[in-house]
Structures are given as C-alpha cells and as structure tokens.
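Respectively, the protein sequence lines represent chains S and L. Counting from 24, one number per residue, gives the positions in the first sequence under this note's numbering. Counting from 24, one number per residue, gives the positions in the second sequence under this note's numbering.
It cannot be assumed that every hint is accurate.
These stretches of chain L come out as covered by chain S in the derived footprint (C-beta under 8 Å, 3 or more residues) [unchecked claim]:
no. : segment
1   : 67-80
2   : 167-177
3   : 186-196
4   : 272-278
5   : 368-376
6   : 432-443
Bear in mind the hints are in silico, worked out from the structure with no lab data behind them. Model, not experiment: these values are computed from the prediction. Built from N, CA and C at the ideal position, the CB exists for glycine as well.
2 protein chains.
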Amino acid sequence: MKELPIHIQLQPESGRTLYEQIYEYIRNEIRSGHLLRNEKLPSARFLAEYLQVSRTTVDMAYDQLVTEGYVEARPRRGYFVNAFEELCALDEAPKSRAASPDASGPASARYDFSPTAIDMRFFPYATWKKITKNILVDANSQMFSLGEPQGDLQLRTTICRYLHGSRGVSCAPEQIVVGAGNDYLLLLLEKILGRHVHVAMENPTYVRAYRIFRSCAYPVSLIPMDENGMRTDRLRRTDAQVAYVMPSHQYPTGISMPIGRRMELLKWASEKPERYLIEDDYDSEFRYRGKPLPSLQASDTDGKVVYIGTFSKAIAPAIRVSYMVLPYPLLAKYREECGFYSSTVSRIDQTILNEFIRDGYFERYLNKMRKRYREKHDLLLDELRDFETDFRISGNSAGLHMILTDRRGRSEEELARLAAEADVKVYRMRDFRMRDMESESAAVKKQERERDTEDAMLILGYGGLTAEEIREGVGRLAAAWGIDRGG
Amino acid sequence: MKELPIHIQLQPESGRTLYEQIYEYIRNEIRSGHLLRNEKLPSARFLAEYLQVSRTTVDMAYDQLVTEGYVEARPRRGYFVNAFEELCALDEAPKSRAASPDASGPASARYDFSPTAIDMRFFPYATWKKITKNILVDANSQMFSLGEPQGDLQLRTTICRYLHGSRGVSCAPEQIVVGAGNDYLLLLLEKILGRHVHVAMENPTYVRAYRIFRSCAYPVSLIPMDENGMRTDRLRRTDAQVAYVMPSHQYPTGISMPIGRRMELLKWASEKPERYLIEDDYDSEFRYRGKPLPSLQASDTDGKVVYIGTFSKAIAPAIRVSYMVLPYPLLAKYREECGFYSSTVSRIDQTILNEFIRDGYFERYLNKMRKRYREKHDLLLDELRDFETDFRISGNSAGLHMILTDRRGRSEEELARLAAEADVKVYRMRDFRMRDMESESAAVKKQERERDTEDAMLILGYGGLTAEEIREGVGRLAAAWGIDRGG
Numbered sequence: 024m025k026e027l028p029i030h031i032q033l034q035p036e037s038g039r040t041l042y043e044q045i046y047e048y049i050r051n052e053i054r055s056g057h058l059l060r061n062e063k064l065p066s067a068r069f070l071a072e073y074l075q076v077s078r079t080t081v082d083m084a085y086d087q088l089v090t091e092g093y094v095e096a097r098p099r100r101g102y103f104v105n106a107f108e109e110l111c112a113l114d115e116a117p118k119s120r121a122a123s124p125d126a127s128g129p130a131s132a133r134y135d136f137s138p139t140a141i142d143m144r145f146f147p148y149a150t151w152k153k154i155t156k157n158i159l160v161d162a163n164s165q166m167f168s169l170g171e172p173q174g175d176l177q178l179r180t181t182i183c184r185y186l187h188g189s190r191g192v193s194c195a196p197e198q199i200v201v202g203a204g205n206d207y208l209l210l211l212l213e214k215i216l217g218r219h220v221h222v223a224m225e226n227p228t229y230v231r232a233y234r235i236f237r238s239c240a241y242p243v244s245l246i247p248m249d250e251n252g253m254r255t256d257r258l259r260r261t262d263a264q265v266a267y268v269m270p271s272h273q274y275p276t277g278i279s280m281p282i283g284r285r286m287e288l289l290k291w292a293s294e295k296p297e298r299y300l301i302e303d304d305y306d307s308e309f310r311y312r313g314k315p316l317p318s319l320q321a322s323d324t325d326g327k328v329v330y331i332g333t334f335s336k337a338i339a340p341a342i343r344v345s346y347m348v349l350p351y352p353l354l355a356k357y358r359e360e361c362g363f364y365s366s367t368v369s370r371i372d373q374t375i376l377n378e379f380i381r382d383g384y385f386e387r388y389l390n391k392m393r394k395r396y397r398e399k400h401d402l403l404l405d406e407l408r409d410f411e412t413d414f415r416i417s418g419n420s421a422g423l424h425m426i427l428t429d430r431r432g433r434s435e436e437e438l439a440r441l442a443a444e445a446d447v448k449v450y451r452m453r454d455f456r457m458r459d460m461e462s463e464s465a466a467v468k469k470q471e472r473e474r475d476t477e478d479a480m481l482i483l484g485y486g487g488l489t490a491e492e493i494r495e496g497v498g499r500l501a502a503a504w505g506i507d508r509g510g
Numbered sequence: 024m025k026e027l028p029i030h031i032q033l034q035p036e037s038g039r040t041l042y043e044q045i046y047e048y049i050r051n052e053i054r055s056g057h058l059l060r061n062e063k064l065p066s067a068r069f070l071a072e073y074l075q076v077s078r079t080t081v082d083m084a085y086d087q088l089v090t091e092g093y094v095e096a097r098p099r100r101g102y103f104v105n106a107f108e109e110l111c112a113l114d115e116a117p118k119s120r121a122a123s124p125d126a127s128g129p130a131s132a133r134y135d136f137s138p139t140a141i142d143m144r145f146f147p148y149a150t151w152k153k154i155t156k157n158i159l160v161d162a163n164s165q166m167f168s169l170g171e172p173q174g175d176l177q178l179r180t181t182i183c184r185y186l187h188g189s190r191g192v193s194c195a196p197e198q199i200v201v202g203a204g205n206d207y208l209l210l211l212l213e214k215i216l217g218r219h220v221h222v223a224m225e226n227p228t229y230v231r232a233y234r235i236f237r238s239c240a241y242p243v244s245l246i247p248m249d250e251n252g253m254r255t256d257r258l259r260r261t262d263a264q265v266a267y268v269m270p271s272h273q274y275p276t277g278i279s280m281p282i283g284r285r286m287e288l289l290k291w292a293s294e295k296p297e298r299y300l301i302e303d304d305y306d307s308e309f310r311y312r313g314k315p316l317p318s319l320q321a322s323d324t325d326g327k328v329v330y331i332g333t334f335s336k337a338i339a340p341a342i343r344v345s346y347m348v349l350p351y352p353l354l355a356k357y358r359e360e361c362g363f364y365s366s367t368v369s370r371i372d373q374t375i376l377n378e379f380i381r382d383g384y385f386e387r388y389l390n391k392m393r394k395r396y397r398e399k400h401d402l403l404l405d406e407l408r409d410f411e412t413d414f415r416i417s418g419n420s421a422g423l424h425m426i427l428t429d430r431r432g433r434s435e436e437e438l439a440r441l442a443a444e445a446d447v448k449v450y451r452m453r454d455f456r457m458r459d460m461e462s463e464s465a466a467v468k469k470q471e472r473e474r475d476t477e478d479a480m481l482i483l484g485y486g487g488l489t490a491e492e493i494r495e496g497v498g499r500l501a502a503a504w505g506i507d508r509g510g
C-alpha cells in the first residue's frame, strides 16, 4: 500500500552533484515533516536502482544525513528518520509562549502563582466520558450535521436558564450566540459593532481583550480606576462608544463594582443610541464573601449590555464554549451582518455540554470547586497574615487570585526578582497596565512618572496550586521578601 | 432543592391590576425561556398565599395564560408550561435559513439536488465512537487543557503529511493553522492580511466567502471566467491585491483550472510583494476523470499561496476543523498579529481527528466515498443522457455537483419553477453571481443586460441523494421540462 516516500527529480545539469541533490531532498523532507520519526528509508541499494544512480552516490548521501543527525543507521535493519519533528516543536514552542499576553517575568518556576491556572484534579472525567459515550451511542447523522449558526437551541435554552438563576441575567435563548472561545466572540462582536469603534477599558485590564481590540484597529481609551472600578468621570472625557468592563471581579485588580458605579455606567450608555457596555463575567462563579453579586446585565433596562461568559474557566480550558447575550438592537445587526457565519462549536460538543449542565453535574461540580477554591483562598489568606505589615491585601472576595500592594516603597521588579530567585513566580501589575494610545505624545512622560510613583502591586493566583504548594510558596516568599513570620 | 420559579415583585401602586402583573410576569418568563416546557407552575392556592393576593386574582391570571396557549391545565395535576420554546424555535428558524447564502428557490422539496449536501450514511460512526472512547479512557488533565494557538503539533504534522501525499502541498507543520471552520479562518486571515485589502473573486463564486470579505469591508472585484477559470487579463485591470480562487473544481461552475492559467495567476502574484492567492480546495478529495490535479500551492515556488482546506466536507459537517497553510511571510505576520488568539478547536476533538487520519480510517473512508459518489455521478450522468439535446452538461469531472446549461432560451427562473412544481429543487446559477460594487453606478445596466442574455444554468448536486432519489428526481425533471426520453 505504502508508496516509496522519496520522489526526487534528479537534475543532472544543475551543476550540483547527485549525492548533494539526494541528501538535500531527504533533509528537506525530514525538516518539513513529510518524513516522520522512525520512518524507514528505502535501502541504499533499492534507491540507487530506483534513481538509476550508483550505489556509492546514495551511500554518500545517507552518510551525510547520519552525520548531521537527521537519520539513524540501525545495524542489520536499515536507515530510520530521527525525531526531527520534536526538534522543530522545541523551536516553535518558545515563540508560542512569548506570544501569550499573560506571560511575564521568568518563563517558569516551581511555585507558580498564576492568576489564570485552574484546578482540574476534581473534574468529573468519568461523568464527562459517560455522557460522551451515551451521546455517541445514540448519535445519528443529525448529530454529525452542521448546527444553527447561533448554537443549538437546547444548549442556548440551558445557558439562558443557568444565567437567569445564577447571575440574574435576563434574556431569551434567541439572544444567545455560542462560540468557540471569548476571542472568537470578540471577533464576531467587531463585525456587529462595526469599524472604528472607540473602546474604553479599565486600566490595568485583561491584556488579551486589549490586544484583540487593537488588532481590530479600534482606538482604545484606558480609563483609570478608583476603589469602585472604572471612573465614569474620566470615561466621560473620552469619545468612547463602547466600554469593556468586568464589574463582578475586575481582572486583575479584583475590584467589585458597587451598584452606584454600575448605575453611572448604565446611565452613560443610555445617553446615546450607539453606546454599549461589554460585560466580561469571566470568573463570577467563584465568590467567597457576601451575597453573590448579580451581573451588570441584570440591572440593564435599556438593552445596553453585551454579556460575555465562558465555560473554559468553570469547567475546563479545553471546553471551547463561550457565549454572549446580545441586546435586541445588536441581535438584529448580528442577524444581518453575521447570521451566515457557521457555528464554531460542533453539535457533539454542544450536546455533551448541554447534558452536563441540564442534568445537574455542572452545578454539583461548581459547588465542589467553590468549596475547594475557598479552602485555597482561606489558606493563602491565612498564610499571608504576617505579610500585612509590609503589604495591603485586596481583591480577595472572589475569583482565583488576590493582590498584594507594597507599603515599603519597593518596586514590582525587585519583588518579582526576589521571588524568582526563590523559584516562586508572582505576577507584576505593570504587565497588565496598558499604555494609552493618546498618551504616546506629550502626556506619556507624565503617565510614566505617575506609574513610577504608583505602589508596587503583585498578583497571586492560587487556583492551580495544591495546599502544600501554597504553604511552601508563601514560605519562600516570606524568606525572599524579609517578612517576619514570628506572629 | 428546586426553588419556586416565580419571583414576582407585585407593585400595587403601578396602576395595573395584580392579575395583569402576575399574568405578564409568567408570560414573559415563558417567552424568555426561563420557564420551560412541561414545567409545573405552583398551584393557584399556593401562589395566592405566597403573593398574599386573593385566589381569584391568581385564577384569572392562570386562565388568561391557558387561553393564550402559554400554559396547559391538566385535570387533577395542575398547570404546566406549554412547548413555547418550540414556537420560538419556529419563529427563529426561517430567519436562520434565510440567512444561509446558498439558499435559493423554494424552501424545500422532496427531491433536493443541493450542491452542498453530502452522504453520511456510510460514515464509520462505530470507528469514530471507538476512537473517542479510547481517547477518553486515557484522557488526562492534559487533554482538557488549552492547546497551542495554531493547533496541536501532532494533528498539524498529520495534516501536513496528508496534504503532501494527496495534494502535493509542500509545507511544514509550523505553517499550518487549525481553526473551527473556514469562516473562522477567513476572519483570522483578515487580521493577517490587514485592512482595506482589495480582493478579486471568480464570478459566480462561493457566496459565503464573498459575504465574509464584504463583512470585513474589503473591496471585492468580481472577475469573469472563461473555460479555464478566472480571466487573468481582467484581473490585471483591477487593483486587487489578493485573489480568492478554487482551481481544482470551481464552485459552483465546476471548472478545473489548467496549468497554464495557474502559472499566469502565480506570475501575477509574484510581481508585487503584497500580492497573494487564496486557494480554497473545498472538495478536491472527489475526482472522477483523469489524474488527480495537484493543488495550486504545489506549483508555488515564491510563497504566494494561502491554501485552505476543511474536513467538514470529507468527514462530516459537525467536525468543525479546517486548516490553512500560510506562506512564511504571512506566518510571520500571523505570529505577530494573531499568535495570541486561542485555538477554537478542543484538544479532544483534535486528538480524535488525528487518530482517525493517522490510523488510516480517513483514507479508507475517502476511498469508499469516492466509489459511492462516483456511482451517483455516473448514474446521474446516465439518467441525464436524454437531456443533451436541450442542455449542455459540464463541471462533472469532480466534486458533488454538475451544471446544466440550457440550449433552448428558457430562463433559470422558469426551469427552477417548473422543477419546483414537480417537487424537485434545482439551483440557479444567478444566485451565485455577485454584483460588482463598481458596477452599482452606470455599468450596472450593461451588466444586467449581459446577465439577461447569458444562457440559463442550473446546478444539480447529487451528494446527498440516494440512487432511487436521483432516478425519480431526474424523471420528474424530464417530465417538467418536456424532455423526450424515448432515446
């Protein structure tokens, strides 16, 4: 069945020796992945006959490949391709990592307080597998067909119901658009909102969203925050048409926006027909203090809020299902401009997720994870009790991370460096502070000065760490930062 | 566990009766999907007590809901929500269908010669389930984590190998970007190519791609075709920077572009650094006549071709996995501008697909489907033998559809209408002909005149029909169009 994997067109008049041509061809096939690791090359005798060249010519080419490490000669078995694809992968990986907007500081550390890591150890794999298996048993060709562009009605109805019950979101299934991840939904939103939309964002903010807006060539105004979140007085000084906010638990500051500020934002939005608010409710499932806050969308009576949520955080990053709730004017525009875009989530995946939520597994898993994360949250807070002299601790009422604000005039760089030397990774707030487009000119220096005088803030995520790792990590931080742990 | 699904805040001073307020609240909860089909409402007695209103008030509200069909009274069991979500779905569905760019003519017919339908009856569901099951057995938390933005290296390596072997595509795994469907990849390509890119397309063309380019606000020049495909002399009269073509089997005309025209296109692209060709190789797997044509990308020595392919057609529409091969200059731009966009395909799905291809199931399935589709193709051609006096038959060397060109001066409308009256759906070429932006002004009339004098062309797809349906459908067409089947 298998064809000879060598299709060289030798060019005798090319001025290059035949041995070089054979060597280069095979090397390129290996480098480009067309010849795979452990693939057997034809024997030298066979290839020589096939190409009508001398045996010595092929031997020289093979020897060169062996010398350079592309090919391995196994005694009495022949020539085999070495694991070059893995070398390629190693070449590639650092680029991908560098492209991650959340990366900062050292590449990796033994104790990584990443604010985006989650704990997958308690995920009900068995349940997920069972649902998948049952669905595939019943699966008919319908399941393998292309679903509705907005997502399957059953899943949208389930999401609608869940959002109503847990977040007070008021919507109909027809307002929901399901898509493969928040990034995709923001791209779709660009098509709905149109071009040249001036966006306002909190600063610091979610870097990925900022980069997406910038890649849409949207002008972005960065609005400073006070303890209640985005300052609406500063928002009003801009020409922004859309404000992107995270009112439940701002990323990364952890600020929860109180109702007064929410009403100010809604009022701002309601003053002009083209104004909208994008509410990214990325981690609202986890809240440890006080009553669950309803969503901003729940207070919206004028159809001004686009609500975005995801299952990547509450279930698993591999579950590429996010959703947005469109107010009716934007729903009409979606249908006009984007109604033809095919759904990016397979029906099989939509069906699995629907049953996982509908049959109560999601709620049970959330309850379990709330408990687990609360334990980690309480442990971290407890471990940090001796840090209070040197740091203010905040943003800890919800989500999976908290903020340490330095009281002793040290810089984020210094603190992060000291931590890294102890093999602990903490995250610097300045990596989440964007620089204003407008301030590239004269105001830039003033802003830079302001930034330099701002207190150093470090972000500590705990979602992905075990209790033991939290204890050890904080112990190392205390030693590195000279915290007196006598207390 | 379950809470009372009624949270009415009655407003006695609102000027509206309490009965109206209760009725409207429940109606809205049903319309918005918060109360689901078959959900039991609280008994009238209980709700009256709970809301501290008279029993009569609640009875009146419930009666109104029953009268209007929102709620059903089941004797001795109580009040239950009717299947309103399905009514909503019915409301929604026609809009979704209308938004489909490929829809034309009557909404449905008994014998639908759709050019996009495929045959899923031979899909190896059992194999797919087995692979899924095995993967989930071994699944670890790694599988549920977010993969690389471009797609998993293993899958990219497998795709690379498949494309090299079957389509002569020359690329490395690092050049491949995996995404959830062609529509998504075109959105990503917009970010890579930049704004205000002038695109040239064949006319008629793939309507969905046209709409995506237009929704990116790209100026689009529609280039007429001759029997060899896109006319490069006409392309050269435009300022187009990118040409989108389907050289293997143009959709919908079925034209295969010969090597001479391909070289002209490649030459055009190589003349300026910013010029590129997008090759959409949507159905190249199925070819019935002559040698398989290699891809345009295979002839490209200057890195000028973006190759796009999909598994939605060759495997199943639900498999939301497409891929594009980026030439190196665009790969660099991708990494700079879009490297941070998360993958839209879950790792689980990528792993299933990888094993399906890697272990030879894909090739076996393709071989089987080539045989099945060739049988349908031959049958349709045979059944159409008496049509040759009235129609020229073309575009039948590949893919899943062919073209009938009228020789007797009838219009596409008339022929499609006569078919519809016999419960047969055929597709009109004019629904795939786009109107040039430039021609909106003066030239529009000329073009309209040209269009009117063009021969009527009808598209007959056979992928989704059984042999019996093809026979019966053609028989009905012969009767409807007055074909003499004596021969």
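Here's how the hints hold up against the structure:
With 0 residues having a Cβ less than 8 Å from any Cβ of chain S, the segment 67-80 of chain L misses the three-residue criterion, and the hint is violated. With 8 residues bearing a CB less than 8 Å from a CB of chain S, the segment 167-177 of chain L meets the requirement of three and the coverage assertion stands. Chain S is given as covering the segment 186-196 of chain L, and this holds because 6 residues of the stretch bring a CB closer than 8 Å to a CB of that chain, at least three being needed. Only residues whose beta carbon comes within less than 8 Å of a beta carbon in chain S count, and the segment 272-278 of chain L has 0; fewer than three means the coverage is violated.
Restraint check on the segment 368-376 of chain L versus chain S: 5 residues with Cβ-Cβ distances below 8 Å, three needed, restraint holds. Only residues whose C-beta sits within less than 8 Å of a C-beta in chain S count toward coverage, and the segment 432-443 of chain L has 0 of them, not enough to reach three; the restraint is violated.
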